[in-house]
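On the provided structure of chain A, position chains B and C with the ligands as indicated by the hints.
For reference, the chains in residue letters:
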Amino acid sequence: MYGATVEPIEDIRTDAEKLAGFEARIARGEKIEPGDWMPDEYRRQLIRMISQHAHSEVVGMLPEGAFITRAPNLRRKLILIAKVQDEAGHGQYLYHAAETLGATREEMLDALLSGKAKYSSIFNYPTLSWADMGAIGWLVDGAAILNQTMLARCSYGPYARAMVRICAEENFHRRQGQDIVITLALGTPEQKAMMQDSINRWWWPTLMMFGPHDTDSSNSAVLIRWGIKTKTNDELRQAFVDQTAPELMALGLTIPDPDLHYDAATEHWHFGEINWDEFWNVVKGNGPCNAERMTARRQAHEDGLWVREAMAAYTEKYQS
Amino acid sequence: MTDTHTRDTQWLRYMVLHQEREDKPHQHAGTVHAPDAEMALLNARDVFVRRPECVSLWVVRADLIFTCTQEELALHPDWIESLQPSGNPVEKYYFFAKLTQKGQFTHIGEVEAQNPTHALKIALQAYPDTHGFAWWVFPVKAVLKSTPDDIAVMFGPAAVKDFRDQANFHALSVLRKLMRKQEVEESHES
Amino acid sequence: MNPESKQALIDYLITMADDELILGHRNSEWCGHAPILEEDIAFANIALDEIGHAIVWYELAADLQGEEREAYANHMVYFRDVRDYRNTQLVELPKGDWAFTMLRQYLFDQFEMMRLEKLAQSSYAPFAEAATKIRTEEIYHLRHTQAWARRLGLGTEESHRRMQAALNDLWPYALALCEPSNRAELLTQGGYIPDSRALKTAWLEQVTAYLGEVGLAIPTDSSNLPLSRTHHTEHLGQLLSDLQQVARLDPMAKW
Ligand SMILES: [Fe+2]
Ligand SMILES: [Fe+2]
Ligand SMILES: [Fe+2]
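Protein chains in written order, with my numbering: chain A, 1 to 320; chain B, 1001 to 1190; chain C, 2001 to 2255.
Please keep in mind that the hints were generated in silico from the structure rather than gathered at the bench. Since no wrong hints were added, every one of them can be taken at face value.
Here are the simulated PhoX-like pairs of lysine-lysine, each with C-alpha atoms no more than 20 Å apart in a straight line:
1) C/K2254 / A/K192
2) B/K1024 / B/K1145
3) C/K2118 / C/K2200
4) A/K284 / A/K116
5) B/K1141 / B/K1092
6) B/K1161 / C/K2133
So here's chain A without its partners, still in its complex pose (with noise of 0.2 Å):
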């Protein structure tokens, strides 16, 4: 509810009526809005989770815009700019679904600025050369699609609302990046190689994207009970893989996994384990990238401080 201006309407179910209700709706299919009443355990997931996945995309948009500059041709530029822009407009969108549950942005961004909230992973890992643009593209956008088009159907409509906006965009940015990658593959020998090094660092990251195995995720169950995901980590990993393995493979590219073949018995690719010590590095905080990506958010916030100030400043002089 937005306007404070009404009495809010009461409600007189016991919790058990009101989590049985709710329960029911989900079971139909129905979404909740703001307003609706949904257990406090939903709101804080939720929010826990929009909020992470915003700070990623807002994270996110460091190491692509690293090689911004230096976009090897005018078209390339457009692009990526483009691209890094568009995920500045998903991390303003998840904001914003956020919002409708009660955070705001300023307790948002304080959470992610003290390192309170957590964001992907995947972005404390380095751009070294252009051919990261390509593999960023492909596996990690792919991979985001994945959970995106999942989150797509979830039970909170504003969430879900916000993700059919994402997706749609999301689907340049991977195709872009196969479009690097392709390039790359099949150009030069340096370049090949360019992008099998590429390849090489961002794969195992990209699998850990998913998070932890689902007998190891704390979170998973509830999440699947009420509708906020409707697959486990380690379906929509192994739905990556079966999907990208076989593309790369077929443009000349290896992927670093010894493990890895296709099991005719099972229809699916098998890979072999991740290193998950490596994983839980990285999410404690001891990434390659870590301190940088947070440095850099903080400078941003702290020059825009002064910014952001004078523009309410001017509107409490001259227009109320």
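What follows is chains B and C with the ligands alone, placed relative to chain A:
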């Protein structure tokens, strides 16, 4: 760490309502943060019209929107009946509804009323066929709108930014060709 | 068109293209670092527009020489050295703080806007056509930068101080923007481009009035730097080494 939170302002929230074509109603797009309505309209263009199509944008302070859902209404079937005009001067309100589960809030019409709840009551009576699942009402005078003159200037440029269009990447067809070739080779080998 | 005019027109197009390219490049550096998320997006749009305008001008220059458009534009951007760039120093200066960036963009947009209005009547039809198209985008830029300049000029003491400092720094460079290019006279006589003196007068009048309105004073004692388009600051070299780094790894390769 930082004390920026206490000092920080991310400005006000404005709802953005977006019209794709003249023959379609305005629909909710999202929000923008802006210090005032004029900046909100500019920001709305940059945030929500990076791709065509758009012929009109409206922005309205989010805290001026009165919202109500079907669930809230169902809890108190007699609540809507009990709503009375407040004796304030009559003004025009926009009425938006979410018509399908998956849908977006959509412009249904206008009503004249003395306050937001009264406006909701009248709107639900005036548009009995378009109830849907949740509603917004807000004063017409609270809305800042783009003008027809803005179409070329604000929304035209998105149409020529074809580098954002995923249809312009031919990677996939190259990839498919490669994969088909490989399949043929493999079937020859076996 | 006689060969002399044609060459002069090509040179003129290159100065315009280089200005827009370098400014767009500088603006793109904000993407991910702007003062608020909405502005990451809005300012990236301005960067995209300016680079887009650069491409339009490079391509017109390509047409005049019978060159392939895309290849020519890329060649001009990625394989020319500092001494061959013809942008003004105004656009190559580092992005500075938000006041500096916004004010530079305003001064440039206002100039570009007034020039485009005249160019829309150029006797060289492709020129007039392109100017008409680009103008719609510039109207929007100007709306954006004016709105920002007003608020920052009048917002807080700090924002006012930063804006005035930016204006003091930018002013001599901005004036150089209006200096006529090589053989501009010839092009003006042919009706291809507007008269640079008249343009400068009109621009001065406009920006002096607007900046005054938002509480900023044009510096009166600013030095007259010898700013010509054949001379650059050290910043351009640094900018280009970044810009051209990947493309020059293999000039023959497709990226
Ligand atoms: Fe994204
Ligand atoms: Fe993306
Ligand atoms: Fe321009």
